[in-house]
Amino acid sequence: MAAATQRLNVMGNDACALGAVAAGCRFFAGYPITPSSEVAERLSRELPKVDGVFIQMEDEIASMGAVIGASMGGVKAMTASSGPGFSLKQENLGYAAGAEIPCVVIDVMRGGPSTGMPTRPSQGDVMQARWGTHGDHAVIVLAPASVKEIYEQTIRAFNLTERLRVPVVVLFDEVIGHLLETVELLDPATLDLAGRKWAAGPRETYLPYAQTDDLIPAMARPGDGYRCHTTGLTHAETGFPTQDPETVERVTRRVLDKLTHHRELVESYEALDTADAEVLVVAIGISARAARRAVKSARQKGVKAGLFRPITLWPFPEDRFREAAAGAAAVVVPEMNAGQLSLEIERLAPAGTTVSPLNRIDGEPVSPLEIAARIEELAGHG
Amino acid sequence: MDKPDAERFEIRDYLREELFPHFLCPGCGHGMALRALLWAVHELSVPKDELAVVSGIGCAGRLGAYVDANTFHVTHGRPLAFATGLALARPDLKVVVISGDGDCLAIGGNHLIHACRRNLDLTCVMLNNEVYGMTGGQASPTTSETRYTTTTPHGNIEPAFDACKLAEAAGAGLVGREVTLQTPTLKDLIKQGIAYKGFAFVEVISDCTEIFGRKNELGSSPEMILSQKRSMRPDSYGNKVDQPFRPNAFPTGVLARNDRPEYAETYRRHAASVKSAQSGAG
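Just so you know, the protein sequences line up as chains A and B, in that order.
Using this note's numbering, the letters of the first sequence map in sequence onto residues 1 to 382.
Using this note's numbering, the letters of the second sequence map in sequence onto residues 1 to 282.
No lab work stands behind these hints: they were computed from the structure.
Watch out, some of these pointers could steer you wrong.
To be verified - Calculated pairs, DSS-like style, for lysine-lysine (alpha carbon to alpha carbon, straight line, at most 27 Å):
1. Lys48/B to Lys49/A
2. Lys275/B to Lys49/A
3. Lys197/A to Lys48/B
Model, not experiment: these values are computed from the prediction.
So here's chain A without its partners, still in its complex pose (with noise of 0.2 Å):
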């Protein structure tokens, strides 16, 4: 168990950052940008007390590159943005997914598209962080819902970027990045971190992309003597680019496999009077502690209601929700865009259960009274 050393009230971004440090991250890169700016901000003052290196960038594109080229040198890295930034990470980050190379992108959601409304919230880059990049690629994208989470979570994406080898995505909307709430600072001491597996033994049988039984090939760590190639073409298990197609189709595949691989380690969610309801809530971030608020008052008129909120986002964790689901009627999905989650709750649910997405994009929250008069209406429809 980690020990907790201090309680702070923090805003969420604030958090994000200490996370990151406490979880070993020594090296950020950014580009201002709002609404995550106090991300970099906090990160400028925190990271030289502990010898890490912060760098501002000229812009977006440069800052995910120096995190991919930080974390290659075997530095634990992440950089952080909104809507625009997010964007232009894409480029960089489908090259981590595909050399696979450890890193944390932070995305604290803003209006869109384009410029949009930097200070208004919006949970609009939920289908961006799954496919953002372009090609078959895996990433991993982690939305907590309280300042407390943020601070978890960001731990815990450095845990499953640096031993999966998959980059992760911390994604939350502005309501949360801005939140001030208590947080417990973690002893890093007594924190169960994850590191990289690297490269051992002679350098002659070592393959940089190798088949190995958990799927994730060891790290060859620059100045360790194996002299390997990165690159973000299409390789073979020696690294070097190929296009064959018996080895392409094999070498994706293991990337793609690994988050199935490693789902139980991977997936994560919360369930809240899931067991027997018949009306279910699916939402993540400021939606979901609606979504609580409106469950929780539900109940009280006896209505069965429930919430399901996947922590993990991305791979959706289908079975748990599945589960939730199973004895549901219908399934309400609040969230701050045209509907995207949504998407994924309808190719999910069981046949004949009702999908109602409830969606706000004028730059509000979605308010518990909005979730809770839809329970209702569903409810009175089953």
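Got chain A sorted already, so can you dock chain B onto it with the hints?
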């Protein structure tokens, strides 16, 4: 004259020959540029294990894979960004960037000027062949005016960048240019760049014989590199003398120096003072 075997430069010691045959077209100048780079590495006694080569996309970017070192072939235009992270995280490595004119000056132009401004200890070797060769010969930011490419079928109407002037203006610590034919001189220039504590920018005038040369009827590779050599201007002559007689003359050698504190050292000194202020306050 004969050097002992251990000191003699043998390019095969630095190449991943298992990847041969290489992908370069016959007559391409990039091979000579790579030779000069590896020769410089050899003469500086940089251990291969401590050498990191970060390269972008294009013909120049592909060269990195042939180097028996820690090689990183990254995204188009971004090698300087990746190298910045790598060099800051790992000051024990010698980080060299290989980029092309399109990679470095077009899609990566922003990274170049900021790398120059920051003065982190990196060496950027930019191979300038005036064209996007790998994608089939489109115009680049260094394509000379009036030249034909697959995207300037009626002749290029855009002026070309002077990469060295750009790097100098942006504050690069060391700026230089050389042609591939002068391989030993190019080696010496790259050596100076790698040994320099700060950001060094080296422009290599290379030739794309197969695509650019053929399209513009510039002759064979020897003809192209000899014409490059004829265009070199010894440092003692000024533009006033050159212009009427040699309108395409370009200066070579070390063209600018701007000695100032190196970025990583400054950062670490700054961080140390933050820490000591903290412990003093605590």
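Cross-check of the supplied hints:
Between Lys48/B and Lys49/A the alpha-carbon distance is near 33 Å, which puts this suggested pair outside the 27 Å criterion. A distance of roughly 5 Å separates the Cα atoms of Lys275/B and Lys49/A; the hinted pair therefore holds under the 27 Å criterion. The hinted pair formed by Lys197/A and Lys48/B meets the criterion: a straight-line CA distance of about 23 Å does not exceed 27 Å.
The structure fails to meet hint 1 from the earlier list, while all remaining hints are met.
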